[in-house]
Amino acid sequence: MSGLRVLVPIKRVIDYAVKPRVNRAQTAVETANVKHSMNPFDELSIEEAIRLRERKVPIQEIVAFSAGPTKSQDILRTAMAMGADRSIHVVVEEKDPQLEPLGVAKLLKKVVEEQKSDLVILGKQSIDDDASQTGQMLAGLLGWPQATQASKVDISDKTVTVTKEVDGGVETVKANLPMIITTDLRLNEPRYASLPNIMKAKKKPLEKKTLKDYGLDEQPRLKTVKVTEPPPRKGGVKVDDVDGMISKLKELGAL
Amino acid sequence: MASLSRTFRPLARAATSSSRTLRPAFTRTSPQARCLSATMPRREVDIADIPPTPISHLSETEMLMADSVQKFANDAILPKVREMDEAEMMDPAVVEQLFEQGLMGIEIPEEYGGSGMNFTSAIIAIEELARIDPSVSVMCDVHNTLCNTALLKYGSENLKKKWLPKLATDTVASFCLSEPVSGSDAFALATKATRTENGYKINGGKMWITNSYEANFFIVFANLDPSKKYKGITAFIVEKGTPGFEISKKEKKLGIKASSTCVITFDDVEIPKENLLGNEFEGYKYAIGLLNEGRIGIAAQMTGLALGAWENAANYVWNDRKQFGQYVGEFQGMQHQLAQAWTEIQAARALVFNAARKKEAGEDFVMDAAMAKLYSSQIAGKVSGQAVEWMGGMGFVREGLAEKFFRDSKIGAIYEGTSNIQLTTIAKQLQKTYTR
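These protein sequence lines map, in sequence, to chains A and B.
Under full-length UniProt numbering, think of the first position of the first sequence as 1, with each following residue one higher.
Under full-length UniProt numbering, think of the first position of the second sequence as 1, with each following residue one higher.
Derived from the structure by calculation, the hints contain no laboratory data.
Among the clues, some could well be false.
Unchecked claim - Pairwise CB distance ranges (calculated):
1) A:R221 x B:E100: 45 to 51 Å
2) A:R55 x B:F281: 22 to 28 Å
3) B:P52 x A:T172: 57 to 63 Å
4) B:M63 x A:A28: 24 to 30 Å
5) A:G169 x B:R82: 34 to 40 Å
6) A:R24 x B:A87: 46 to 52 Å
7) A:N176 x B:P92: 44 to 50 Å
Glycine included, each C-beta is placed from N, C-alpha and C at the ideal position.
All chains should be modelled from the sequences, with the hints used to inform the complete structure.
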C-alpha cells in the first residue's frame, strides 16, 4: 500500500488569548495590529497528522493548506515547523470578498482532487466565526465518510476508527479511507515548533496560488448586518453551601 | 560619500578648533567593520545599500521562533517558576525541555546538531524566557552566548565535533572566570595552570559560577604563566568528574534563585592537551570578546524581565484591582507611570536589538553592548520595583511573581560587567573619540 496523502487545512485567526473588539461601525471585529495565530483546533489537526506518521501509519505526505491574506504564510510555516512536509497558500486578501464555509469547502474539494489526498484532517471549527461547517460540507461535496469531534484516531490498513466526543459520552465510528476527520480539544497536545525544525521549515516548499487557479470565484452568500459585543457579564454571587445554592436558584426562577 | 567625509575630517577639525561642531561619534558614515563576534558576520556584502528597517523588525524565522518560545515559556515554564524559586533549584525537566526545543544550541550549526540560527534569535529567545523566568533565561544565555560561542569561535575541529553535538542536546555548559580575588578585575585571576607531559594541571578556585550545579562542561580560565601577567591567561575545557575538580558551596541568593551559582575548586586537576581551548596565552582575548557579546544577552534578559514585570502588573491594574469604584490602572497617576515605564522598556529594547544587529552585521558593537546592558538593567530594576508598588499588597506577597521580578532584577547591575564597569567602557570610548 502506498502511503497516505494527508491534507490539513488550517486558518489564521485572532489569537485565542486576545480579546476581540468590535469596530466602531459595528461591521466586523478589529483585526489591525491584533496578534493572530493558527486556529487552535487546526494545531490539533497538524499534530494528529504528525503523530499518525510517528505511530508508523504509512504516510506519504502531509500537506498544510490555508486560504487567507499574505500573513497566512506565517501559520503555514508554523505547520511545517511542526512537521508538515509542504504547504499551499491560496491568497485571499482582506479587501477581497471573504470565503464562507461553503466556499472553503468547494475550494478544498478542488485541492483534494488536485493533491489526490485520501485523508483530510480539519479543526472542528475556527475560533473566529465558530461555524463548524467546513469539514461536514467538504465530506458532503466529496461524498466521503466523516467523523467529527475526534478525540482518538486509529488507522490500520484502509480502516479508520475514530472516537468522537458526543453529549454524554463518546461514540466510536469506523470508516474506510478516503475520509474526513475533524478534531476536538482532547485529541492531543500540539507540540511547540522546536528551533531546528523552524530552520528546516524554511526550506520546505510553500506554493502560492489564487482562487482563479482552482477555477473558483466565490461571492459571499451572507451579508453581515451588524456585529456587537456580548452583553457584559454581571457579577455573580457566592453561596455558602448546596442549600444556599438551591434557594438562590429557586429565587432566580432557574429551578 | 563616506570615505570623502572621512578624508576631510582632519580639515574640518582644523577649521573648527573650538570643537563645538566636532561630533565624530555621530557621523552617519558607514561604520568600520571590526568584528569580535562568534557567528560569521553577514557582511560579505556591503549593507550600506540595504534600505534601513525599524530595529524592532524581525525576520519571518525570528518571529516564528519568538512565538514558539513564548508559547513554550508560558505553558511549560510558568507553572513551575514560583516552585523553582522557593526550592532554589532548577527543575531538571525544564532543562531537558530547553534542549528538546533547541534552545541550548541556538547558534550551533545544524551539522553539529544545533538549531543553526543567528545571534539575534538567541537574543530573542533569552528575552522571551526572561519574560517568564529570568533564572531559566540566564541558564540559556550563559550556555549559548558564552560557552557555545567560545567553542564555535575558538575550539579546534576535534573539540567542536566532540562537544557541540552534546552542548546542543544534553550537556549544560558553564563559564568559569570570576574568582574570590577577581571580579570586575577579571584578569587578576589567580587560578594557575602548568604544563604536564600529556596536557595541563589546574590549581585554584572559582566563585560565582552560573550553571555550575547543572553543568557537565566547564570553560575554565587559568594563568599558564603568571610572569606574563594577564597575557598568561589561557582557556581550558574541564569535564565534571575530573579528579580534583569539585563543585562545593552553592550560594543562596537574593534573586534568580533557581539558577545555580557555586564555588568550584581545582586541586591538581589534570586535563589532556586536547582540552586547550584555542591557543595558549590567548584566553584573555577570548574572555573579552565573549563577554562583549554575552553582555547583549544579559541586556536581553533584563528587557525580558522588565516586560514580564510590567505585563504582570498591567494585567492586574487594568483587569483585577478596583479601588474607589474603578480599576486602579484608570487613575491618571497610574496611567502615566505605566506609560513612562513602557517607553523606557522600549528604549532599552531598541538599544539591545541595535547592539545585536550591529554585531551580526560585523560592526563594532562594544559600546552599544555596554550601553544596552547598562540601561536595560537600570530599567529592569526601576520598572520591576514600580510594578511591585502598582500592585500594592499583591505585589509584595510571594504568591505572584512581582516581587520575584524585583529581586531577580538586581543581578543585572552586577554580573557580566557591573554597571560601573559598563560606564567605564562607554566613557573610555567616548573620551578616545573626543580627545583631540
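Looking back at the numbered hints, which does the structure fail to meet, lowest number first?
Hint 2 contradicted; others consistent.
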